[in-house]
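*Asks:* These are the residues of each chain, in order.
There are 2 protein chains.
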Amino acid sequence: MKHYLALSLFAATLCAEEGMWTFNGFPAAKVKQAYGFAPDQAWLDNVRLSSARIAQGCSSSFVSPQGLVLTNHHCASSCIQQLSTKDNDLMSNGFYAATADAERRCPNLELNQLAEITDVTARFTAATKGKTGEAYDKAQKETSSKIEQECAQGDEKRVCEVVSLYNGGIYNLYRYRRFSDVRLVFAPEFAIAFFGGDPDNFTFPRYDLDLTMFRIYEDNKPVNTPNYLRWSATGAKEGELVFTSGHPGSTDRLETVAGFEKMRGEDYPRRLLMLSEYRGMLGQFQERGEEQKRVSNNDLFGVENSLKAIRGQFEALLKPGFLPEKQKAESELQRRINANPKWRAEYGSAWKDEAAALRQLSATGAASTAYSGLSQSRLFTIARTLVFSAIERPKPDAERMSNYRDSSLPRVRAALLSPAPINRELETEKLAFMLTRMREMLGPDHIAVKTMLGKASPRDVAVRLVKETKLDDPALRKSLYEGGAAAMAANNDPMIQFARLYEPIGRAHNDLIEKQIQPALTAASERIARARFAVFGSSVYPDATFSLRLSFGSVKGYQENGRNINPTTIIGGAFERQTGSDPYRLPDSWMNAKEQLDLTVPFNFVSTNDIIGGNSGSPVINQKAELVGLVFDGNIQSLGGSFGYDPEVNRTVSVHVRAITEVMRKIYKTTRLLEELGVN
Amino acid sequence: MKHYLALSLFAATLCAEEGMWTFNGFPAAKVKQAYGFAPDQAWLDNVRLSSARIAQGCSSSFVSPQGLVLTNHHCASSCIQQLSTKDNDLMSNGFYAATADAERRCPNLELNQLAEITDVTARFTAATKGKTGEAYDKAQKETSSKIEQECAQGDEKRVCEVVSLYNGGIYNLYRYRRFSDVRLVFAPEFAIAFFGGDPDNFTFPRYDLDLTMFRIYEDNKPVNTPNYLRWSATGAKEGELVFTSGHPGSTDRLETVAGFEKMRGEDYPRRLLMLSEYRGMLGQFQERGEEQKRVSNNDLFGVENSLKAIRGQFEALLKPGFLPEKQKAESELQRRINANPKWRAEYGSAWKDEAAALRQLSATGAASTAYSGLSQSRLFTIARTLVFSAIERPKPDAERMSNYRDSSLPRVRAALLSPAPINRELETEKLAFMLTRMREMLGPDHIAVKTMLGKASPRDVAVRLVKETKLDDPALRKSLYEGGAAAMAANNDPMIQFARLYEPIGRAHNDLIEKQIQPALTAASERIARARFAVFGSSVYPDATFSLRLSFGSVKGYQENGRNINPTTIIGGAFERQTGSDPYRLPDSWMNAKEQLDLTVPFNFVSTNDIIGGNSGSPVINQKAELVGLVFDGNIQSLGGSFGYDPEVNRTVSVHVRAITEVMRKIYKTTRLLEELGVN
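Keeping their order, the protein sequence lines are chains A and B.
Here the first sequence stands for residues 1 to 680, numbered as in this note's numbering.
Here the second sequence stands for residues 1001 to 1680, numbered as in this note's numbering.
By construction, these hints were calculated from the structure, which means they are not laboratory data.
Bear in mind that the values here come from a model prediction, so they are computed numbers and not experimental data.
Each residue gets a CB set at the ideal place from its N, CA and C atoms; glycine is no exception.
Take these hints with a grain of salt, some might be off.
Unchecked claim - Covered stretches of chain B (chain A as the covering partner; in silico rule of three or more C-beta atoms under 8 Å from a C-beta of chain A):
1) 1196 to 1202
2) 1275 to 1283
3) 1308 to 1320
4) 1438 to 1452
5) 1455 to 1466
6) 1575 to 1589
As the list claims (entries may be wrong) - In silico DSBU-like links for lysine-lysine, alpha-carbon gap of 35 Å or less:
7) A/Lys86 with B/Lys1455
8) B/Lys1308 with B/Lys1086
9) A/Lys352 with B/Lys1319
10) B/Lys1450 with B/Lys1293
11) A/Lys669 with A/Lys86
12) A/Lys293 with B/Lys1293
The following block holds chain A by itself, in its conformation from the complex (with noise of 0.2 Å):
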C-alpha cells in the first residue's frame, strides 16, 4: 500500500550489486564500468519480452519461441495441488505431459508478459496542479482510472497498470499481454523440489530442483513467442557477470524511523505470531489423515514459507544497530533541511505530518490482520467478493474500491469462477481458526465481532456456513457474477448473507485507510521524498512495486560464521544429505537413477543480484542472454534485503541450468522438451 522512496541516504556508497532496476532506467555504464560489458536496448528489449510475471505473486521466462515457460515448482504448486486428485497426487508423484495433449490447463494461474512501458508523470502534474487534500487525491485517482482505461481498449488481453514509482516522483504505465491459459507440461516431485523442506528453507548449501514449466495458450493453440532466452550448455562460471530480470515485490529500503518503530513494534509482531499459530493449527490437521494432509500441504508450504521470509526481515528489524542508524542518517537529513529556510519551509514538518499519518494507520492495524486472515477461507472470500463487486462494478472506475477496477477485475473474475475444488473440512478449520483470531485482535466487543458473531462461537459460525453454503459450487458463482445486483438480491446462501454482514464494517475500514489515511500518508511521503531528491539528488532505483526489475551481480560465494560458502553445489551433495525420511528424502525415480547420474554436476548456486519476495521464478541470464540458472531463493541473510542490501552476505540462490539438462534428460526423459529446448 505504501510505495516510499528507495533513494539511499549515501547514493554515493551505493554497493556495486545494489539496486532493481527499471527497464527503462537501466544503469548500462555502471555496469559496464565493473564488468566491462554493457547491455544495449535490443538485449533489453529481448529479456523484457522473455521475461514474464505470474500475477499471482511470481516471477518466469519463456524458454522456446512455442511459449515454453519456466518457473519455480512453489510458484506452480497451487496449480499442481488443485490438478491433484486423491488418486493422483501430482504434488508427490510429479507430473510430464509427454505429448502436446496431455497439458494440462491450470484452474487459476495468470501470465504477463511486458509489451510497453510510457511515461505519464506530465498527465499527473497537469491534473493535480493546485489541488491539494480530497481534490488532489481524486484527481489522481481518476487520472490513473482514464489512463489505465484509454490503455486497455476493453481487451481483456491487455493489463494496464499506472506504477507510482519514487513515491509519486514518477509516473509510468506498464502495459502487460495477459495469458490466461496456462498448461501445465512439466514438474518433478515436491520430495526433491523442496528437498531439505522447511528447515533448509533459505539457507545454503542447497539441493533443490525447485522448477516447473508451462506452456501458455491461446484460441487452444500455444502462443509463439519469438522472444525468448536460450538454453546455456554450460551455466556461469565463478565471477560471471550474470543478471536478474523478474519482479521483486516490494522493499521499504529508505522508511522513516517512524515506519520502521510501527513495523517492528506493531506489524511483524501481530503477523509472525498469527502465521506462527497457523502453522502449528495446519501441521496438526494434516495428521487427521493422508487426505487431509494432501489437501493442506500447499497451504502449510505457504505459510512455512512467508513465516521464514517474514521472521528473517523482522530480525533483520531487532538488531541492535538498526533503528539507531536510521535514527542517524534521518536527523542529519533533517538537519540539511533545516539548514535551508525555502527547504526548511517545504519540508520541515513533513516527518511529523508522516507520524501522524501512521498512528492512524495503527489504531487499524488489528483489523486490517483480522480481515486479511478471513480470506484465508476461499468460501468467505468467493463470497465477499460476490457482495462487494456486485456493489461497485456498476460505480464509475475511479470510484471503485481498488480491487473492483476495471485493472483487477479479469483477475478477480478468474480466481473467482477457478473450477479448483474446494475441502469443506479444511475450509471449516480455516475460517473458524480466523474468526477466532478476529475475535482476539479486536476483542469481543467490536463492532465486527458483535455483528458477525453475535452470541455464537467462531467455531460454531464457521461449521454451520462451510456445511450450508453453496458457493463451491463454480456454475453458481458464475450465475452470481454475471447476474451483479438483481442475481445477489434473488441469493440467501448463508456464506452470501454472512459477507453482507461483513460489507459495511469492510467497506468503513476500507475507506478509512483508502480516502483518508493513505493521501495523508502519501502527501507527507512525498515531500519526504522530495526532501531527499533536494539533499541527495535522484540517480538511484524506486523500491520494488512487484513491476519488472533487472539485477545484476555475479556469481560469488560468502562468509557465514568464520566458513567460507562455496558458490555451487553438485547434485552428489543431495545424495549424501539423503536420510530416506521427510523433508530429506529423495524421490525414489532420483534414487533409481543415481548410478546413471552425473554427481559432479552443478545443482544449485549464489550470486549477488539483489532480488526479493517475488523474484521466484526469475531466469539467471548471461551477457548473451542465455538461461544460465533459475532463482528460487535468498540465503537467510538476504531476508533483512527489504530494508538495505548487504554486498558481504546478501545471496540469491538458484538451480544451475546444468542440473536441469541432466535430470530432464536421465530422470526424468523429457525427450520433446530437450529438443524444444535445443538440448541434444
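Given chain A's structure and the hints, the job is docking chain B onto it.
*Replies:* Chain B alone, transformed into the frame defined by chain A:
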C-alpha cells in the same frame, strides 16, 4: 537463572506503591507516611505464616485454623484435571467435597510455608574471600549446599533454599515447612473460574471466580494452622490500603541494555513464536473429539496464558522509548563511575564483561529453548529424570546439577511418581511437535538432532517411543528411581534409551551454562550491582525470586484510551456479558441461581499493588490482616511490570471476598466451608 539487582536508578523517584518487598526488609515507615498505618512485627509474622507457596509456581493463603487453603482455580487446574475422568470432568463440572471424607488428594502438589528467614551473607563472604573464577564458583556452591543441608537435617518436611538477593549482595536462607498431601476441597466450574477465557485474560473489567480451596493434611489428618487470615465480611473500599502477600516469580527491572537487547532480539521472539505455534497445534488437537479436548485443556490454557503475558512483556520491550531511556540511564551511571578513579578501576569494565558473557549465552539460546520444549512430553521428562537422577544422586550435593540437589529432590520425586494419568495420544503429538521444533531450531546437522533422531523423522520417533514405552506405570517409575543406577542399567525401555542419547548432550549444554557462562555473568552482574550501590545507595527492594514478598497499594481505578475504568465490577455484570457460548457461557448453576443472587455484590476489583507472575493466588489483605480478595491476574498494562512499575495504569486484579461468600452461600451451598470460614 539470572538474579539481577532491581535497584531503581532513580531511587528518590520510586513510586509510592512500587516494590515487592521482603518480609525482613519491609518499609513500614514509608507505608505509615503514605497511609497512616504501619504493620508491626506481629502483623508481619502472622501474614507470613498465613501465606503459602505452591511449589509448582503459585501463591496461596490459609483461611481457617484447619489448614484450609485459598488459591486460584488456574493454580489448581492441573490437579483438577488429573482427578478428572472421561465420565466426570471436574474442570467442567466443578467439585465440592460436602464432607471431609470426600476431599481428594492431588497427585502432585506441594505447599511451602515460610517458617524462617536467616541472613547467611557472612558465611558466603568468608567462604569466597580471596577466591576468583572457578574456585570462587565452587566455594559459593559448596557454601550454599552446606547451609541448605544443615538446615534441612535430612527432614523431607523442610525446604531450605539459599536466596541470592540484590544479585549476591545479600544471601538469605529461606526455610519452609513442606506440605505434600494437598487435597481438593472446592472448585467452581471452569466456565466461571475463567469466564471470558483467553479474550478477556489480562483485561479489566472482569467477572471471574478464579478460585479453588485445598486442605493440607499430615498423617491423614488436616493440619492445624493457627496462623490464618480471617474472612472479611465487607472487603475493601475504594482508596483503602491493601497488601498482597505472595511469591512473584521474577522481574528484570534493572537489566543492562545488552541484556534487554538480547531479550528483545532473541529470547522473546524465539519463545513467542514457539508458543504461538504450540497453541495452534493444541487448538487443532482439541478438535479430534471431546476426550482429546478434555485431556489437553489444561495445556492449552497454560500456553495461552503464557503467550499473552510474554507478549505483553515483549511489547513493553518494543516500545520506541524503552531502550533509548534505559541506554540514557546506563550511560549516566557509567559516566559517574568513570568520573571516580577508584570506581572506574573496580567497575568500569563490568558492562563489557557482561556483554561478552551474554554473547556466549546467546549461542546457547536455541538449544535451551529446544531442550526445555521437550519437557512438554511427560513421558520424556520422566525418562530424562530417571537417567539423570541415577547419575547425579550418588554424587556429593554440591557437585550435582542444580535440579538434583537435595533441596530439589523431594519435588523431583513427587513429580516422577505422581499417579496422574498420561494420555498417549496427546503425548505423541507433543513429543512429535517438540522434536520437530528442535530440529528446526538447531538445524539438521546439529549433534543433538543427529544423535537423537538419526535418519528418522521426528514424528516417527515420537510415535514409536510413546507407543512402546512402559513409563506410564508409576510402579515401574518407582522401582527405577529407587533402584538407582543398577535398576536403570537393567532396563531397556525405549524412552529411557532415548533419554540416554540425550543425556551427554543435555549435560554438556548444562555444564556450559552452569559452570562457564553463568559464573562469568554473575561476576559481571555483581560488579554492576556494586557500582549501583556505590552511586545510588541501597534503600530499595530486590528483583523477584519466587520467594515471599509483601506489596502494598490501594483499591483504585485507572484510565484506558481516555476512559475511566471503575475499580470494581459487580456480579450482575457477568450476566450482562454472558452470551451462552464459550468463553462467555455462564455455568448452569449460575443461570439457575440468578434470581437468588444479589447482583450488586462486588465481583472483581483492581488495586495498585506491585505484583508479577507467581503472585497468582495471593491473598489481598486489609490493615486488620483480614482477607478482602484473591489475586488472580494483572491488567494488560501490568505485563510490562517485568521491566518497571507504572503507577498510573499498572493494576492487580482480584476476586472480591463478598462475591466468594455470596456464591458459596447461594450457588454452591458449601455450608460446612462457610461455617469453617466463620461466615454466617
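*Asks:* Determine for every hint whether it applies to the structure shown.
*Replies:* For each hint, the structure was consulted:
1. For the region 1196 to 1202 of chain B, the proposed coverage by chain A is satisfied: 4 residues have a C-beta within less than 8 Å of a C-beta in that chain, meeting the threshold of three.
2. Figure legend: the region 1275 to 1283 of chain B, annotated as covered by chain A; annotation consistent (8 residues with Cβ-Cβ distances under 8 Å, at least 3 required).
3. A stretch counts as covered by a chain when three or more of its residues have a beta carbon under 8 Å from one of that chain; for the region 1308 to 1320 of chain B and chain A the count is 6, and the coverage holds.
4. Coverage of the region 1438 to 1452 of chain B by chain A holds [criterion: at least 3 residues with CB-CB distance below 8 Å; count 4].
5. Under the rule that three or more residues need a Cβ within less than 8 Å of chain A, the assignment of the region 1455 to 1466 of chain B holds, with 4 such residues.
6. Check on the region 1575 to 1589 of chain B: 5 of its residues sit with their Cβ under 8 Å from a Cβ of chain A, so the three-residue criterion for coverage holds.
7. Distance hint between A/Lys86 and B/Lys1455 is fulfilled; the C-alpha atoms sit about 28 Å from each other, no more than 35 Å.
8. A hinted pair counts as satisfied when its Cα atoms are at most 35 Å apart, and B/Lys1308 with B/Lys1086 qualifies at roughly 29 Å.
9. Note on A/Lys352 and B/Lys1319: the hinted pairing holds, with a Cα-Cα distance of about 18 Å set against a maximum of 35 Å.
10. For a cut-off of 35 Å, the pair hint linking B/Lys1450 to B/Lys1293 stands: about 34 Å separates their Cα positions.
11. Our distance criterion of 35 Å between C-alpha atoms is met by A/Lys669 and A/Lys86, whose separation comes to about 26 Å.
12. Distance hint between A/Lys293 and B/Lys1293 is fulfilled; the C-alpha atoms sit about 22 Å from each other, no more than 35 Å.
In the structure shown, no violation is registered for any of the earlier numbered hints.
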